[in-house]
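Number of protein chains: 2
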Amino acid sequence: MDSKALFSLSYGVFILGAKTKAKISACVTNTCMQVANDPVRIAISLLNRNYTCQMIKECGSFALSVLDKSVSFDTIKHFGFQSGRDVEKFKDFEYSLDLNGNPYIKAETCAVISAKVISSQDLGTHTLFIAEVTDAEILSSRAPVTYADYQNEIKPKPAAQKPAQSEKKIIGWRCKICGYELMQAELPADYVCPLCGHPAEDFEPIYEA
Amino acid sequence: MDSKALFSLSYGVFILGAKTKAKISACVTNTCMQVANDPVRIAISLLNRNYTCQMIKECGSFALSVLDKSVSFDTIKHFGFQSGRDVEKFKDFEYSLDLNGNPYIKAETCAVISAKVISSQDLGTHTLFIAEVTDAEILSSRAPVTYADYQNEIKPKPAAQKPAQSEKKIIGWRCKICGYELMQAELPADYVCPLCGHPAEDFEPIYEA
Numbered sequence: 002m003d004s005k006a007l008f009s010l011s012y013g014v015f016i017l018g019a020k021t022k023a024k025i026s027a028c029v030t031n032t033c034m035q036v037a038n039d040p041v042r043i044a045i046s047l048l049n050r051n052y053t054c055q056m057i058k059e060c061g062s063f064a065l066s067v068l069d070k071s072v073s074f075d076t077i078k079h080f081g082f083q084s085g086r087d088v089e090k091f092k093d094f095e096y097s098l099d100l101n102g103n104p105y106i107k108a109e110t111c112a113v114i115s116a117k118v119i120s121s122q123d124l125g126t127h128t129l130f131i132a133e134v135t136d137a138e139i140l141s142s143r144a145p146v147t148y149a150d151y152q153n154e155i156k157p158k159p160a161a162q163k164p165a166q167s168e169k170k171i172i173g174w175r176c177k178i179c180g181y182e183l184m185q186a187e188l189p190a191d192y193v194c195p196l197c198g199h200p201a202e203d204f205e206p207i208y209e210a
Numbered sequence: 002m003d004s005k006a007l008f009s010l011s012y013g014v015f016i017l018g019a020k021t022k023a024k025i026s027a028c029v030t031n032t033c034m035q036v037a038n039d040p041v042r043i044a045i046s047l048l049n050r051n052y053t054c055q056m057i058k059e060c061g062s063f064a065l066s067v068l069d070k071s072v073s074f075d076t077i078k079h080f081g082f083q084s085g086r087d088v089e090k091f092k093d094f095e096y097s098l099d100l101n102g103n104p105y106i107k108a109e110t111c112a113v114i115s116a117k118v119i120s121s122q123d124l125g126t127h128t129l130f131i132a133e134v135t136d137a138e139i140l141s142s143r144a145p146v147t148y149a150d151y152q153n154e155i156k157p158k159p160a161a162q163k164p165a166q167s168e169k170k171i172i173g174w175r176c177k178i179c180g181y182e183l184m185q186a187e188l189p190a191d192y193v194c195p196l197c198g199h200p201a202e203d204f205e206p207i208y209e210a
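As you go down the protein sequences, you meet chains C and D in turn.
Going by this note's numbering, the first sequence opens with residue 2, and the numbers climb by one from there.
Going by this note's numbering, the second sequence opens with residue 2, and the numbers climb by one from there.
Errors might be hidden in some of the hints.
Note that the list lumps identical chains together, so a pair holds whenever it fits in one copy or between two copies.
To be verified - As a list, the in silico SDA-like pairs of lysine to any residue whose alpha-carbon atoms are at most 20 Å apart:
id, residue 1, residue 2
1, 70, 149
2, 5, 135
3, 5, 152
4, 107, 75
Derived by calculation from the structure, the hints in this document are not laboratory data.
Could you build all of it, start to finish, from the sequences and the hints given here?
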């Protein structure tokens, strides 16, 4: 089985916002599809270790900002490359709240979809949520960005990502997509993250303390 | 709620093949996403009235051909605009069988994914299948076609689709995507299919007999 064949599935890129009694937060996800009409239902899949996944289990609803082709890497980095456990992602970021109280962004976004979870299924690494759409609004006429656009055009090329020369020793590699850590100095060029399936170029070095 | 906001979700386009003891068949679908790793699992959603949906419920597995940007409208039309109940779709069409005996096509296809259903959930209009990937293979280096590519570049524009002048009276309109029939002479320009959510341009006239 060539697991890279799975990369040929097409996705969008979304900011997924949720709330608990304590706080609001959001993450970046690429998995959302409409799965039924009348009523309209969508499915999303989230890594169980993801903080927003835990929030959605608690609050039972979410807001999905559909990012458009104008989205910057900074926005993806802000919502996707750090955890809501560690930072208040909306502290210095303009946002609105939907009718369920979940946060969404309007900038770089062509539509927002609000939904309430009707069922969830634990699939081991991920939880699949089926949710009924309670509200949906078009925010701009710009085309939605695809995950392929993100990989090919928005994400900095490996050369630009290269960390500044460091005297420190590399002791491991961390997947920037899901956080998986491989604790060895060398990262094989054809390495694929065993957790989320992303390639070596999505890993960043972990330096000795 | 503006249901057109749901059109901003991104999808690929796939030929979904299945078998029963009696026959093999396939349909076109746009809904497939990876929902878990270790083991790799994917989700697909199919209209309950779709023949391939019934076949997958019976056989418990399927093969998914990931169409690439070279796909022709004829291929989509062949697999998507007629039912396996009425025609043998693979009769004059080159295909292979995967290890589970399900048919897939290699032409205009960049990858094939074989999967076995591990659970299904009836969502009213559709059934959502979760399936474990049993095999996956890259067939070409061409990029996968997106559903937006299909809508914007592959599907003939309305002018080209216009039926030849007919003396016959139009008595209704049929959605070419899901088969829904609206039995009235006029189709409002902003009409949206109540079953699959597609717009007026995806309807074709039904003439009096």
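Checklist entry - Which of the listed hints are not met by the structure? => result No hint contradicted; all consistent.
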